[in-house]
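Participant: Each chain, written out:
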Amino acid sequence: MAVNVIKERWTSKVAEMKLGPNEIKIGGESTLPFLHFEGEMPHRPVTALEVIDMEPEDYPDMLKEPFASVLNDPVAWAKKVVEYGADMVALRLMSAHPDWKNASADEVAATARAVADAIDVPLIVIGCGVEEKDGEILPVVAEKLEGKKCLIGCVTQANYKSVTAAANGYGHCVIASTPLDINLCKQLNILINEMGLPLDRVAFDPLVGALGYGIEYAYSIMERARTGALTGDKTLATPVVCFVGQEAWKAKEAKDPDAAEWGPQGDRAILWETTTATTFAIAGGTIFIMRHPESIKRFNAFIDEAMKSNAY
Amino acid sequence: MGLTGLEIFKQLPKKNCKECGQPTCLAFAMQLAAGKASLDACPYVSDAAREALDSASAPPVALIKIGAGEKLLELGNETVLFRHDKRFEHPSGIAIQVNDNEDVKAKVEKINKLVFDRVGQTHEVNLVAVNNASGDAAKFAEAVKTAQENTQYPLLLIADAAAMEKGLEVAGANKPVVYAADANNYEAMVNLAKKYEAPLVVKGNDLNSLAELVEKVMALGYKNLILDSGSRELAKVIADQTQIRRQALKLFRPFGYPTIAFANNDDAIIESLNASTYVAKYAGIVVMNSAEAEHILPVITLRLNVYTDPQKPIAVESKIYELLNPGPDAPVLITTNFSLSYFCVAGDTEGARQPAYVIPVDTDGISVLTAWAAGKFTPETIADTVKNLGVMDKVNHKKIIIPGGVAVLSGKTAELTGLEVIVGPRESAGLPSFFKQRWNQ
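Here the protein sequences come in this chain order: U and R. All residue numbers for the first sequence refer to my numbering, where the first residue is 1 and numbers rise by one. All residue numbers for the second sequence refer to my numbering, where the first residue is 1001 and numbers rise by one.
Extracted from the complex, chain R is given alone in its bound form (with noise of 0.2 Å):
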């Protein structure tokens, strides 16, 4: 990977000026190495090193911006093959296909609402990639207008060099993914690309002709780059996707871009599955056709689980959550803000059919051994959240329950809060019978 602190004080001019806000040249190659500063705040290093330096620095896999405003999309910056080794950086982008043949605004419509709430985030897809069809630059031309003015996400135009020209005209200035330059005519489509500086798919037949281009079309200067290595075929494309991931962290240069795959399946079970599976496996961008919502929201949906950060645990609201309508006579359950924790609570609560009241103790998102150990899941934070919710107004009883886990808790918590407090299930699972056994006898 990348040069180590050393390496880079080496090149460096060693004035220790501190104009770039560290104490010494060497802290500030630390700090470069670390991925957390710039060469630029160095104002006296010479050319030479700064050329030495930049393309050694440069992270394996380029960033990549697509689109402008509000929903522009960034791809690249990764740096691991697996999640757990660090985490993966840029959740891929969601590219739904609309034909210029066919009924585009109406397409474009259903792709717009293509927009899932889930625990108080938002998650949509990303492209809409209008497609030359018809093979007519007109025709095609007119599709790019009619979707842009629709919609919001940015663009992947794929058309030859001909009709592409037309669709820049009219898309160019929102730095649209252009589709694609391939052996035949990657002159017209870098300088195509250059003109609007937008972000220019290289497209091969198998990795060797690929990294051939790409080197071709680095020649002239153009590293606004995504890769397609041609394969459309479920295992070559893990094979391909595999390889270009590894081959860019070694540094191979080629294929340090981020990359596209083509999920489109006649059939919308078999694209949504693909989909999901080069989600991933690395794809930068997914092309699927299908715009409904139950195709679609699994993918957005492994996306979301298989971006997130290893070290960071994702929390949900700290609030009152009703589950299937609970009267006045629901239990009370307390969990931690864990959404792990959380899911596992509410799904087998609504597993057992049970109405309840769920509240997660906000513990900075940890789970509830992990946030008594931390001193975060205590009778003291478990009494403000029942007080400051005010959920027990909710209720016609004085009961709350807490994980079986935390028992030690029971008796202070109920000093504290004046209710009776129950101890539960140490795991969501048990909840069902508990249920049962407990609350509903």
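The shape of chain U in the complex, shown without the other chains (with noise of 0.2 Å):
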């Protein structure tokens, strides 16, 4: 007896992003994620490997080991984030963080420049994450960036004009974050497309947490917003970054070397940071930036067999 293959009619697609100086396209989905028989998934999710401003002081050991000789020098990690095979590499401005080194918008405008000099792949540019400075230092970091085509946040309802105006200026996209809550998203994306940046150019931030970590909750925002985005609503229609890494490596099954009961930490971390990544994939992310290179070569295996024909 032959099956109807059921096919929804979906009327509309996510918008299509354009990244880095070769311009790497990203996002341009017209269906649900890896159902390729019912639409199209034009550009595959990308990785983006951490490089961050200053020594981590809160990397595990198996964090530190692949970065070894290059913890100190943001460029140099930056070249080795290349080499690894991320598709982008993402620069946290660490340093500008009161609590650290507290440096300056122009510190670290010019480590940014430094950095995306020395690549020729799309570079992310995250602050600090205090609000306030962030809203200091981004637009000076955007306009030193000029040309860069780069994805510059994250952009919050406190200090989204600043980093709007000036990732409009030169040219750059950002990433809005909201906390875990679709309307949220919404009503950023459209107070950022108000001051006229185009929503082609914004990419948003579930602030999603880690496998065990309240990790359904963004997944279930992003299978919404994806159905949202397909039937027309524009506010929802744009690229999901996931920060992975950040999340993952914070569970204890991913950095406790000495949980026995859990299994060695080599694969158990790896699965956590994956898992947690490949979770979101199948939910609608689209930018994952991770921290382990092993895990973005797992995720990349992944990605590949999940893009693979499945037409009836």
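Hint data in this document are derived by calculation from the structure and do not stem from the laboratory. All residues carry an ideal CB built from backbone N, CA and C; glycine is no exception. Just to be clear, a hint being listed does not mean it is correct.
[What the hints assert, rightly or not] Quick list of simulated restraints, FRET-style, between CB atoms:
| no. | chain 1 | residue 1 | chain 2 | residue 2 | range |
| --- | --- | --- | --- | --- | --- |
| 1 | R | GLU1197 | U | LYS7 | 34 to 40 Å |
| 2 | U | ALA68 | R | GLU1317 | 40 to 46 Å |
| 3 | R | GLN1441 | U | LEU191 | 34 to 40 Å |
| 4 | U | ASN183 | R | GLU1074 | 34 to 40 Å |
| 5 | U | ASP99 | R | GLU1317 | 31 to 37 Å |
| 6 | R | ALA1068 | U | GLN157 | 53 to 59 Å |
| 7 | U | GLY85 | R | ASN1440 | 39 to 45 Å |
| 8 | R | LYS1065 | U | PRO264 | 32 to 38 Å |
| 9 | R | GLY1069 | U | ASP99 | 51 to 57 Å |
| 10 | U | PRO179 | R | ALA1048 | 51 to 57 Å |
| 11 | U | ASP99 | R | GLU1074 | 49 to 55 Å |
| 12 | U | ASP99 | R | VAL1115 | 48 to 54 Å |
[To be verified] Here chain U is said to cover these stretches of chain R; the calculated rule only asks that three of the stretch's residues, wherever they fall, bring their Cβ under 8 Å from a Cβ of chain U:
| no. | region |
| --- | --- |
| 13 | 1077 to 1084 |
| 14 | 1192 to 1200 |
| 15 | 1284 to 1295 |
Grab the two chains, each in its own frame, and use the hints to assemble them into the complex.
Facilitator: So this is what it looks like as structure tokens:
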């Protein structure tokens, strides 16, 4: 008996974003993740590995090891990231944090420019996480990176005005960050858009949790946002940024070398980070900011398989 | 989906006899439509009406029971494609495979240890899959016997009809999953499954052949079924699982059963990632080879996450949580017992390498601001919790830290507890710098 395959007739699609000097394209999906039988997924999800602009204090040994010689040198670290096969470099300007070095906008902007000049893949620049400070430094960073078509974040309700204006002026895209609420996400996208930045230059960050630590909230937000995007809601049709590495490596299951009841740390930590990523990939994540090179290798192998045709 | 209350009402006797416990037949029909009553409660329904209603009111995905006793596993009764539409009902069963030509006892003992504790709840695998890799029926029966004697988990028997007969002679009474009826052997397999009333996997080569075979099996009068579309590649499994769930929800009856997906892979990391995907994407049973904790824990954890009810927040127990062996000078952090609130506070505190006591106040599992608005996170509940748990006996200071979002509670809380109430950051992500600036000066 022949089964009448059910194909949803989606009316819209996710916006297509272009990043980096070579205008790498992401997004553009016209179906739910990996349902190639009913629509297009023109670009595969992309990975970035994090580079921190000062030696990170919270990296477990397992995470320091692949970057051992470059932890003090963001430019060398970024080159290493490209060597490891990441699609993009995600530079985190942690030194600007008032609790760390409280570095000035000019200092971090110079670092960002040096990193951008050393790589040919797109650069994602992430502030220090303190909204006021990021509102000060990111516009300067945006100016310094003119022409590099970077993805800059995170923009919040508190600081979106200064960052959006600069990103718009100097040709960048922004990451809009809202805490686990689809309506707040829409609202911030609208506010940013009202300042003149087209929605195909906004990616949203729902502040994901890791596997075991609230992953299901962001999972459902991504599923809802994708369904909204496919049925015509432009304010939800932006690519999704998943800060997987930052969250996964907070989990004891990833960073504890001694938890014998959970098995050896090697596979466990890689699986914690990669499972967090693949789970968001099947919900609608687009840009995966991760920390361990083995995790992106594993993630990409998974995506290779998931991108194969499943046409009926 | 199912019938409306009015459609059901038309089929009922309309006697309003109240014997079903409802005031009228219409009220009873509404309860039936909502899935809150069973037609069995009506003593007067005609056979014709019963047949019409039974097939129309059957759930989109049949409820299938596997095994017997304490570890009985239920699958099915699913009603949605997305967990946010309602919830996923029955968490996927995780089956670990053991081959009859390896050391069955050793592997089964390993499988028995795949039990994990997470915030006071136990999570474990659900099935031992015994595979007739040797092709020898006697060896298979021996392996089934060894497995059954050494585990409480229900079994999933993978064999051809001849070996299956031997295996079921050993374990049939405990209702293992029978794998599998295909186009060539389905009559023999249906007879075996029927004899032991065991759930039977129907295996196709694609969706069409699967639907065809399920109809043949149903025509033989057997409906205790699990579906295998035959796909083993990730992209195809995602597509088939999605189609089967979509078809089931549209009441395409041959696909109205739980599914099984095989993640087995020589590379244990690939196997684990695929298994997690199948858990999220509708598989009723997911089969794996690895019995190592590091490969199974991620899958079990994802299952726990995806199968939580989005309408019911998960709560952690309200007790003293000691992070990183806190000493008497460690800070006391107050939050709510919404699991995510607790995890955020605990995670960011540990991330800052700050030993601390965390006290989740029982707010019925709702978050800080919601609980404050609902009057469940108040100076009184905070004061009672701090007092009842006796956390201040563990420290040499008189300070507690409350979330920044409820700064307004600080005055009254200080008054009720006699403690110094420090207002912490609004978001737990601010805790590392808070400790640095405000606690460890």
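Participant: Would you say the C-beta atoms of ASP99(U) and VAL1115(R) sit inside 48 to 54 Å of each other?
Facilitator: violated, 41 Å
Participant: Just to be sure I understand the hint, the distance between the Cβ atoms of ALA1068(R) and GLN157(U) should be within 53 to 59 Å; is that true here?
Facilitator: The hint (53 to 59 Å, Cβ to Cβ) holds, given that ALA1068(R) and GLN157(U) are roughly 56 Å apart.
Participant: CB of PRO179(U) to CB of ALA1048(R), is that within 51 to 57 Å?
Facilitator: holds, 56 Å
Participant: Within 49 to 55 Å or not, the Cβ separation of ASP99(U) and GLU1074(R)?
Facilitator: holds, 51 Å
Participant: Cβ-Cβ distance between GLY85(U) and ASN1440(R): within 39 to 45 Å?
Facilitator: For ASN1440(R) against GLY85(U), whose Cβ atoms are near 40 Å apart, the range 39 to 45 Å holds.
Participant: Assuming the hint says 51 to 57 Å, is it satisfied by the Cβ distance from GLY1069(R) to ASP99(U) or not?
Facilitator: holds, 56 Å
Participant: 32 to 38 Å was suggested as the range; check whether the CB atoms of LYS1065(R) and PRO264(U) agree with it.
Facilitator: holds, 37 Å
Participant: Should the hint that GLU1197(R) and LYS7(U) are 34 to 40 Å apart at their CB atoms be regarded as holding?
Facilitator: holds, 38 Å
Participant: Would you check chain U against the region 1284 to 1295 of chain R, counting CB to CB pairs closer than 8 Å, and say if three or more residues qualify?
Facilitator: Coverage by chain U holds for the region 1284 to 1295 of chain R (4 residues, Cβ < 8 Å).
Participant: When you take the CB atoms of ASP99(U) and GLU1317(R), is the distance between them in 31 to 37 Å?
Facilitator: holds, 33 Å
Participant: Taking the beta carbons of ASN183(U) and GLU1074(R), is their distance inside 34 to 40 Å?
Facilitator: holds, 36 Å
Participant: Tell me if the beta carbons of GLN1441(R) and LEU191(U) are separated by a distance inside 34 to 40 Å.
Facilitator: The hinted range 34 to 40 Å holds for GLN1441(R) and LEU191(U), with Cβ atoms some 38 Å apart.
In this structure, the earlier hints numbered 12, 14 are contradicted, and the remaining ones agree with it.
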